[in-house]
Every structure is written in C-alpha cells, then in structure tokens.
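A.B. asks: Residues per chain are reported as follows:
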Amino acid sequence: MIERIIIAGSGGQGVMLLGKVLAQTAMLEGKQVTWFPAYGPEVRGGTSHCMVTISDQEIGSPYITEADTLIILNHPSLEKFKGMIKNKGLLILNSSLAKIDADVKKKILQFPFTDIAIRLGNIKVANMVALGCFVAAKKIIKVKNILKVFKSIAPTGNLKILEVNQQALKEGLRLNHD
Amino acid sequence: MKILLSGNEAIAQGAIQAGCSFYAGYPITPQNEIIAYMAKHMPSSRTGVCRTGKGQSQGVFIQAESELAAINMVYGASAAGARAMTSSSSPGISLMQEGISYIAGSQLPAVIVNIMRGGPGLGNIAPAQSDYFQATRSGGHGDYHLIVLAPACVQEAYDLTQTGFDLADRYRVPVMILGDGILGQMMEPVQLSTKKIKVSLAKSWALDGCQGRKPNIIKSFFLREGALEDANLKLQKNYAIIQQKETRYEGLFLSDAKVILVAYGTMARIAKSAISQLRSAGKKIGLIRPISLWPFPQQPFSIKNSRVKYLVLEMSYGQMLEDVRLAVGGRREVEFLGRSGGGVPSEEQIINKVKKIL
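Chains as they are written, first to last, in the numbering used here: chain A, 20 to 197; chain B, -2 to 355.
There may be inaccurate statements among the hints.
What the hints assert, rightly or not - Straight-line alpha carbon distances no greater than 30 angstroms define the calculated BS3-like cross-link-like pairs of lysine-lysine that follow:
no.: 1; chain 1: A; residue 1: K189; chain 2: A; residue 2: K99
no.: 2; chain 1: A; residue 1: K107; chain 2: B; residue 2: K242
no.: 3; chain 1: B; residue 1: K350; chain 2: A; residue 2: K105
no.: 4; chain 1: B; residue 1: K192; chain 2: A; residue 2: K107
no.: 5; chain 1: A; residue 1: K179; chain 2: B; residue 2: K(-1)
no.: 6; chain 1: A; residue 1: K105; chain 2: B; residue 2: K37
no.: 7; chain 1: A; residue 1: K161; chain 2: B; residue 2: K(-1)
no.: 8; chain 1: A; residue 1: K189; chain 2: B; residue 2: K(-1)
no.: 9; chain 1: A; residue 1: K105; chain 2: B; residue 2: K192
no.: 10; chain 1: B; residue 1: K(-1); chain 2: A; residue 2: K158
no.: 11; chain 1: A; residue 1: K167; chain 2: A; residue 2: K118
no.: 12; chain 1: B; residue 1: K280; chain 2: A; residue 2: K105
no.: 13; chain 1: B; residue 1: K280; chain 2: A; residue 2: K101
no.: 14; chain 1: A; residue 1: K39; chain 2: B; residue 2: K(-1)
no.: 15; chain 1: A; residue 1: K167; chain 2: B; residue 2: K(-1)
no.: 16; chain 1: A; residue 1: K163; chain 2: B; residue 2: K350
no.: 17; chain 1: B; residue 1: K37; chain 2: A; residue 2: K143
no.: 18; chain 1: B; residue 1: K280; chain 2: A; residue 2: K107
no.: 19; chain 1: B; residue 1: K352; chain 2: A; residue 2: K105
no.: 20; chain 1: B; residue 1: K350; chain 2: A; residue 2: K143
no.: 21; chain 1: B; residue 1: K37; chain 2: A; residue 2: K179
no.: 22; chain 1: B; residue 1: K352; chain 2: A; residue 2: K170
no.: 23; chain 1: A; residue 1: K167; chain 2: B; residue 2: K192
no.: 24; chain 1: A; residue 1: K170; chain 2: B; residue 2: K234
no.: 25; chain 1: B; residue 1: K192; chain 2: B; residue 2: K242
no.: 26; chain 1: A; residue 1: K39; chain 2: B; residue 2: K281
no.: 27; chain 1: B; residue 1: K37; chain 2: A; residue 2: K39
no.: 28; chain 1: A; residue 1: K167; chain 2: B; residue 2: K37
no.: 29; chain 1: A; residue 1: K170; chain 2: B; residue 2: K353
no.: 30; chain 1: A; residue 1: K157; chain 2: B; residue 2: K234
no.: 31; chain 1: A; residue 1: K125; chain 2: A; residue 2: K101
Claimed, not checked - Here's a subset of chain A near chain B, in silico, CB distances under 7 angstroms, partners left out:
no.: 32; residue: A42
no.: 33; residue: M46
no.: 34; residue: T53
no.: 35; residue: F55
no.: 36; residue: P56
no.: 37; residue: G79
no.: 38; residue: P81
no.: 39; residue: F100
no.: 40; residue: Q129
Since the hints were made in silico from the structure, they are not lab data.
As the structure is a computational prediction, the values presented were derived from the model and not from experiment.
By construction, the Cβ of each residue, glycine as well, lies at the ideal position given by its N, Cα and C atoms.
I would like the entire structure built from these sequences, with the hints used as guidance.
C.D. replies: In structure tokens:
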C-alpha cells in the first residue's frame, strides 16, 4: 500500500495541521510516513500546501509529483494542483470556496467544508471536516487513532477546541460517499 | 515510542541529547527550525558539562548577529571545552568558512550543520546538493578536512548528529552534517535514543583555567620556522587515520547489479524508489549510498564484475561524480544525471537514464 496525498488551501486554513494529523495517525499505526511542507514565503491569505505519503514500505522522495488524493480547500489551490492528480485519483474539494465540473479522469467528492465548519461554530475546523471526508473514502487510517492524535496535540485546558475538532471529523465522516 | 519530527528538529534534538552545551546561529531558510528548537530547548537542557567537570550547567543558546559571529563563538566555546554547534544554509556556510578553517587549524572539535539550498549567490531556498565540493574539499583556506556526514532520512539525521559530536571529540576535527532542504523540512517518525549521555571526555587541552597546571595554548598561527609544517603534518596524520577508520556507506544489491546508482542524502531516497521499480521489472540495479562524504568510501567501488557500470545522481552538476571517478579509477564507465537550482532528478528520469545505459 502506498498513498500519496497533496493537501492545499489558503494560509490559515490548517492544511499543514491536517497533514500532520494524518502523518501522526499513520505513525501511531506503525506505518511508514513522510510529511513535507511548502516552506517558501507562505503567508496567511496566500496558498499553502503539504505532501503526505503513507506506505507499508520505505518511502523514497517525500515530494509528490503524481498524487493518489488531492485535498483542496480553496480555488487558487485547485488551479495550482489539479494537474498533479493521477488518472482515476481522488479529488476532495471544499465546494464552499472552489468549484469543478465532473471529470471522468478522477473521482470527485465535493462538499462545503467551510460552511459545515461555520455551522459547528468555528470556521477553522473546515480542515478536519475534509479529513473526515478523506478517511471515510479511503479508510487507510482508523478514526479511533485520529481521535487519539487529537487528544495528544490539543492545547490543554481548552476542551472546547478538542470537542469542535471531534465534531468536525464526525461531520466529515458522515458525508455521502457514493 | 516514536515521535514525528522534521529533519531540522531531529538534528537539534540529537545535538541536545549528545550533550551539546553551546549553540550559536543566525537564521536562514531552510534550516530555521534548528535555531528555533535550540532557542526553546537549550536553556532548559541540563546536558552541558560545567568546566570544572562537576555537576551540569544549562545549555547556552545565542542568536548571533551574523554567521561570522556564530562560527567564531563556536570556535571560542569549543576552545573552552564545550560541545559546540552551529547551523546554517549554503550562503551562511560560505560566510563561516574563515572560522571553520581556524577551527580545523586549531584542532578543535565542532559540529556544523549545512542544510543546503540552491546557489550560487543568494540562490533560492529550494533543496540542493551543490555545496559538496565546499564541504569535502575544505571550503576555507589551508590544507584541512571536515568529516562530512550525509543523512538520508530524519532518523539518520538524529543519529548522525550524535555520531558527529563523538567523532569531533575523538579526532579533534570539525564535523559537518550535510543535508538539503527536503531533509530539513520533511517530517518522519524518529525513535529517540534512551542512552544516557556520557559526560564528555575530559579535554586536557581545553582552555578552562590553568591554576595549578601549565597553560594550554590553542592557535592556528605558527610563525616559527618549521612550526606550521609540523602542525600540518600532525593534521595529515590524523586525517589518514580518519580515512582508514571512519568511512560509512550503505550498499544495496551490489552482488548482482549491472548498473550501480551512486547517490547520497535525499537523492538516494529517490534512487531507491527507482531501483525498486526497475528490479520489479527484472533489471539488476544496485545502489551505493555514501554516508560519509569525507572520508569518501572507496571500498564498495572495488567490485570484481568488469561489466558493471555506475550512474552518479546528484542535485548538483557533477561534484560527487569526481570522487566516484577517483574511486573507480578509470576501470569502469561512469555516467551522470544531475539537476540543481530547484530541479530534482525524478524517478522517471533515473529510470529512463538507466534503460539507456543497460
């Protein structure tokens, strides 16, 4: 098994964190994993991305040229990365901020992650709704382990943050995947 | 238990666990996480050894005003007996060359981390391997060498940093940890060592107060006739021992390979992916991954099969290639594939090149 994932969005949408949660969970499950960030002059409001590779075997380059899955949280990132998905790959798209027409070359799951997050009371958890959507579609890591990782990285003394992230993940898992 | 760390953080954590008691640095991408990690953790680390050898002191972190200052602070701290380290990226390492030459000339241990970016000049912040010559040929003036270690994954970055401190102390030479922006920025699981840090070897030569003994002298300035040559011969003798004892490499499929890829650091990871694809298609491809770039591992190139060919891969334009040619000694064909300045040879490019050679 090897899964190459590019996660992209606007600076501040939590694409790095989404990738780190994926990577931490994969590590917890004993898988090989690399997490590689864009480390240029990324700023809040600009685009930002990271690349996560999860595998049963030793991983070569952490730089992904052809992704199995793209998780895209805004329109500029869609434009930048849509050419980097492999044939029949999975595109998970935040339809609150980006739109794409159906395409026979890829499987597209588009849901309004940002609107769902707003409804949950914290716009910042759109990333975790997207994570839920990804995990339900690909099932390469276990939800109970993601929740463990949430607990290990959540700031202590602020239970609300942990709870809203858990809710966001559940909302994402519940989204329709046919 | 494993933890997820970037290459930069792993180097910093490795240094602290190796008993690094003094760090000075100046920020530059893509190695800023080393400075950030040291700033956060050095003051609370109790790994530093008091100059009296009794008890432990706090680690010292200094954000220097420049790279020149940082390397000269390391020079001073090392002379005083500290396990001292600095880190930078290519243009900053160029600025440090004078100080590195002085440290080598003064026979002092130090660990210098270079997380390479594109050059020449200010270049860019993309990963590159174009400082190979500078690192392995003594980037400053004079006849000297650094031990140069090139990790290919985050675990190895952590492990080799600790090894680096030990080698630096054992031979009294500066050691360079040479990585690139991908290695520095990438996160991977790391198994932290639980080994207790040995209290640093007593440094009888250190400038740590001479009450009751003859003063020690540490210098790289020898004006008396014959004195510099004597000092240089001493260095050369030391280098000969290092060349004999401290070469490190990883070899893969060397017994049946028709083409052997030669690559270090991040480039070797990409080479490994290409090899696993090529081998599953029945092609007999092997790998030599030098881990010590100086001393360069000669031994794996003495393969008996006269039809074996080498393909050197670099994120630079033919630097390690020269060492491979020297090791091969004209007995076999040596081909080359390299990109730099932000370009990284891809698996596909490697596979295409190998197919042409086969």
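A.B. asks: Hint by hint, note whether the structure agrees.
C.D. replies: Going down the list of hints, with the structure as the test:
Pair hint K189 (chain A) plus K99 (chain A) holds up; C-alpha atoms about 29 angstroms apart against a cutoff of 30 angstroms. At roughly 52 angstroms between alpha-carbon atoms, K107 (chain A) and K242 (chain B) are farther apart than 30 angstroms, so this suggested pair is violated. Taken as a hint, the K350 (chain B) and K105 (chain A) pair is honoured in the structure, with Cα atoms around 23 angstroms apart against an allowance of 30 angstroms. The straight-line distance between the Cα atoms of K192 (chain B) and K107 (chain A) is roughly 48 angstroms, outside the 30 angstroms bound, and the hint therefore fails.
At roughly 28 angstroms between alpha-carbon atoms, K179 (chain A) and K(-1) (chain B) fall within 30 angstroms of each other, so this suggested pair holds. With a CA separation close to 41 angstroms, the supplied pair K105 (chain A) and K37 (chain B) exceeds the 30 angstroms bound. Taken as a hint, the K161 (chain A) and K(-1) (chain B) pair is honoured in the structure, with Cα atoms around 18 angstroms apart against an allowance of 30 angstroms. Restraint check for K189 (chain A) and K(-1) (chain B): the C-alpha separation of about 27 angstroms stays at or below 30 angstroms, so the hint holds.
For the given pair, K105 (chain A) sits about 45 angstroms from K192 (chain B) by alpha-carbon distance, which is inconsistent with the 30 angstroms threshold. Of the supplied pair hints, the one linking K(-1) (chain B) and K158 (chain A) holds, its CA atoms being roughly 23 angstroms apart against a limit of 30 angstroms. At most 30 angstroms may separate the alpha-carbon atoms for a hinted pair to count; K167 (chain A) and K118 (chain A) exceed this at roughly 33 angstroms. The straight-line distance between the Cα atoms of K280 (chain B) and K105 (chain A) is roughly 25 angstroms, inside the 30 angstroms bound, and the hint therefore holds.
Note on K280 (chain B) and K101 (chain A): the hinted pairing is violated, with a Cα-Cα distance of about 34 angstroms set against a maximum of 30 angstroms. For the proposed pair K39 (chain A) and K(-1) (chain B), the alpha carbon gap of about 14 angstroms is at most 30 angstroms, so the pair holds. With a C-alpha separation of about 15 angstroms, the suggested pair K167 (chain A) and K(-1) (chain B) falls inside the 30 angstroms cut-off, and the hint holds. The suggested pairing of K163 (chain A) with K350 (chain B) is violated, with an alpha-carbon distance near 45 angstroms, which exceeds 30 angstroms.
Among the hinted pairs, K37 (chain B) with K143 (chain A) is consistent with the structure: their alpha-carbon atoms are about 27 angstroms apart, no more than 30 angstroms. Our distance criterion of 30 angstroms between C-alpha atoms is met by K280 (chain B) and K107 (chain A), whose separation comes to about 28 angstroms. Between K352 (chain B) and K105 (chain A), the direct Cα distance comes to roughly 24 angstroms. Compliance with the 30 angstroms bound is thereby established for this hinted pair. The hinted pair formed by K350 (chain B) and K143 (chain A) fails the criterion: a straight-line CA distance of about 46 angstroms is larger than 30 angstroms.
With a C-alpha separation of about 28 angstroms, the suggested pairing of K37 (chain B) with K179 (chain A) holds against the 30 angstroms cut-off. Distance restraint check for K352 (chain B) and K170 (chain A): the Cα-Cα separation of roughly 50 angstroms exceeds the 30 angstroms cut-off, and the hinted pair is therefore not satisfied. A distance of roughly 28 angstroms separates the Cα atoms of K167 (chain A) and K192 (chain B); the hinted pair therefore holds under the 30 angstroms criterion. Between K170 (chain A) and K234 (chain B), the direct Cα distance comes to roughly 56 angstroms. Violation of the 30 angstroms bound is thereby established for this hinted pair.
The hinted pair formed by K192 (chain B) and K242 (chain B) meets the criterion: a straight-line CA distance of about 24 angstroms does not exceed 30 angstroms. Between K39 (chain A) and K281 (chain B) the CA atoms are separated by roughly 37 angstroms; this puts the pair beyond 30 angstroms, and the hint is violated. The hinted pair formed by K37 (chain B) and K39 (chain A) meets the criterion: a straight-line CA distance of about 21 angstroms does not exceed 30 angstroms. A hinted pair counts as satisfied when its Cα atoms are at most 30 angstroms apart, and K167 (chain A) with K37 (chain B) qualifies at roughly 26 angstroms.
Proximity of K170 (chain A) to K353 (chain B) is assessed by CA-CA distance (about 52 angstroms); at most 30 angstroms being required, the pair is judged violated. Pair hint K157 (chain A) plus K234 (chain B) does not hold up; C-alpha atoms about 59 angstroms apart against a cutoff of 30 angstroms. Note on K125 (chain A) and K101 (chain A): the hinted pairing holds, with a Cα-Cα distance of about 10 angstroms set against a maximum of 30 angstroms. Given the 7 angstroms rule on beta carbons, the hint for A42 (chain A) holds: about 6 angstroms separates it from the nearest Cβ of chain B.
A cut of 7 angstroms between beta carbons decides the hint on M46 (chain A): the least distance to chain B is about 4 angstroms, and the hint holds. Against a cut-off of 7 angstroms between C-beta atoms, the interface hint on T53 (chain A) holds, since the closest Cβ of chain B lies about 5 angstroms away. Given hint, F55 (chain A) at the interface with chain B, holds; its Cβ is 5 angstroms from that chain's nearest Cβ, closer than 7 angstroms. For P56 (chain A), the interface hint holds, the least distance from its beta-carbon to any beta-carbon of chain B being 6 angstroms, beneath 7 angstroms.
At its closest, the beta carbon of G79 (chain A) sits 3 angstroms from a beta carbon of chain B; the interface hint therefore holds under the 7 angstroms criterion. Residue-level restraint check for P81 (chain A) holds (minimum Cβ-Cβ distance to chain B is 5 angstroms; threshold 7 angstroms). Below 7 angstroms, beta-carbon pairs count as interface contacts, and F100 (chain A) has none with chain B, the closest being about 17 angstroms; its hint is therefore violated. The interface hint given for Q129 (chain A) is broken, as the beta carbon of that residue sits about 29 angstroms from the closest beta carbon of chain B, more than 7 angstroms.
In this structure, the hints that do not hold are numbers 2, 4, 6, 9, 11, 13, 16, 20, 22, 24, 26, 29, 30, 39, 40, in rising order.
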